[in-house]
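Colleague: These are the residues of each chain, in order.
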Amino acid sequence: DTAVSQTPKYLVTQMGNDKSIKCEQNLGHDTMYWYKQDSKKFLKIMFSYNNKELIINETVPNRFSPKSPDKAHLNLHINSLELGDSAVYFCASSQVPGQGPYGYTFGSGTRLTVV
Amino acid sequence: QKEVEQDPGPLSVPEGAIVSLNCTYSNSAFQYFMWYRQYSRKGPELLMYTYSSGNKEDGRFTAQVDKSSKYISLFIRDSQPSDSATYLCAMSRPSGGYQKVTFGTGTKLQVIP
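Protein chains in written order, with my numbering: chain A, 6 to 120; chain B, 3 to 115.
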C-alpha cells in the first residue's frame, strides 16, 4: 500500500523521558513534514524537509529535533518530555511545493501522552 | 488576529441536508485553498483544492472561493452519516521559495440518520 506510515501509534511516557517517533513514505514525494495537533484540533507546522534539507523550522523548543536520513524518512526525537508536549503528532508528505497546487498525504498520527 | 478563522462547531444536521462550512482569512497572499476531512483518530485527507475565485465541484462537494471577501466555503449536498468528521480548511502562500500552508481549526460535523 502506498502511504505515509508512522510509529508508534500510541506513546505514553513520563515527564523527563526522551522518545522518538518515526515516519516513512513510499509515495515518492520529496517533501515531508511534522505537524502537532492539540486538543482543540489545531494543526501547527513544526518542521519540513525537502529532499533531506530542512526548509521550515517553526518556533519549536530545541528539545524537538527532526532528522531525515533520506527523502523517504523523517524522524522526530523529543528530549526531556513535558506535560505540554501531549498531543497528536502527524507526519505528512507532498510533492515538491512549487508553482502548482499540492496537497498533503498525512499519516495516521502518533498520540503522545506525557504523565 | 489569526490568519485563518474557522467556526469550530459542532454542527449537527439531519441526513440529506445541505451543509455549508466556511473559513475567512486575513492575508491576501494566500494562493491555494484546500479542504481536508479528518475522521476521529485518523489523519486529515485532502478533499478538494482550488486556486482562483469561483466554484469547483466534485460529486456531492462544492468548494467556493471569494478572494475579494477573503472567504471560502465547502458545500456538501445530500449529506450522509459517513460525512460525519472534522473539516479543516487550509490555504497556502509563497514563503521563502516554498508554499507555506496554514490550517483552520476545523469544524466538527455530525450528520444524524
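Hints in this document: simulated from the structure, not taken from any laboratory.
Beta carbons: idealized from backbone N, C-alpha and C, even for Gly.
Do not rely on the hints blindly, as some may be mistaken.
Stated by the list, open to error - Simulated DEER-style distance windows between Cβ atoms: (1) B/61 / A/88: 41 to 47 Å; (2) B/54 / A/45: 39 to 45 Å; (3) B/29 / A/89: 41 to 47 Å; (4) B/115 / A/70: 45 to 51 Å; (5) B/29 / A/18: 34 to 40 Å; (6) A/62 / B/16: 44 to 50 Å; (7) A/84 / B/18: 47 to 53 Å; (8) A/23 / B/7: 35 to 41 Å; (9) A/27 / B/41: 22 to 28 Å; (10) A/84 / B/5: 28 to 34 Å.
As the list claims (entries may be wrong) - Distance condition first, Cα-Cα at most 20 Å in a straight line; then the derived SDA-like pairs of lysine to any residue: (11) A/49 / B/5; (12) A/45 / B/69; (13) B/69 / B/9.
Claimed, not checked - Over the 10 Å line for every Cβ pair with chain B, so calculated as not near, a few chain A residues: (14) 32; (15) 53; (16) 71; (17) 75; (18) 87; (19) 89; (20) 113.
Colleague: Please go over all the hints and tell whether each is borne out by the structure.
Modeller: Hints, verified against the model:
1. B/61 / A/88: 41 to 47 Å: holds (43 Å)
2. B/54 / A/45: 39 to 45 Å: violated (31 Å)
3. B/29 / A/89: 41 to 47 Å: violated (28 Å)
4. B/115 / A/70: 45 to 51 Å: holds (47 Å)
5. B/29 / A/18: 34 to 40 Å: holds (37 Å)
6. A/62 / B/16: 44 to 50 Å: With Cβ atoms ~46 Å apart, the hint holds.
7. A/84 / B/18: 47 to 53 Å: holds (52 Å)
8. A/23 / B/7: 35 to 41 Å: holds (37 Å)
9. A/27 / B/41: 22 to 28 Å: Since residue 27 of chain A and residue 41 of chain B have Cβ atoms about 23 Å apart, the given range 22 to 28 Å holds.
10. A/84 / B/5: 28 to 34 Å: 30 Å Cβ-Cβ, so the 28 to 34 Å window holds.
11. A/49 / B/5: holds (13 Å)
12. A/45 / B/69: violated (27 Å)
13. B/69 / B/9: Satisfied, since the Cα-Cα distance of roughly 19 Å is no more than 20 Å.
14. 32: holds (13 Å)
15. 53: With a cut-off of 10 Å, residue 53 of chain A comes too close to chain B, as the shortest Cβ separation is near 8 Å.
16. 71: holds (16 Å)
17. 75: Check passes; 20 Å lies beyond 10 Å.
18. 87: holds (23 Å)
19. 89: holds (18 Å)
20. 113: With a cut-off of 10 Å, residue 113 of chain A comes too close to chain B, as the shortest Cβ separation is near 5 Å.
Violated hints for the displayed structure, listed by number in ascending order: 2, 3, 12, 15, 20.
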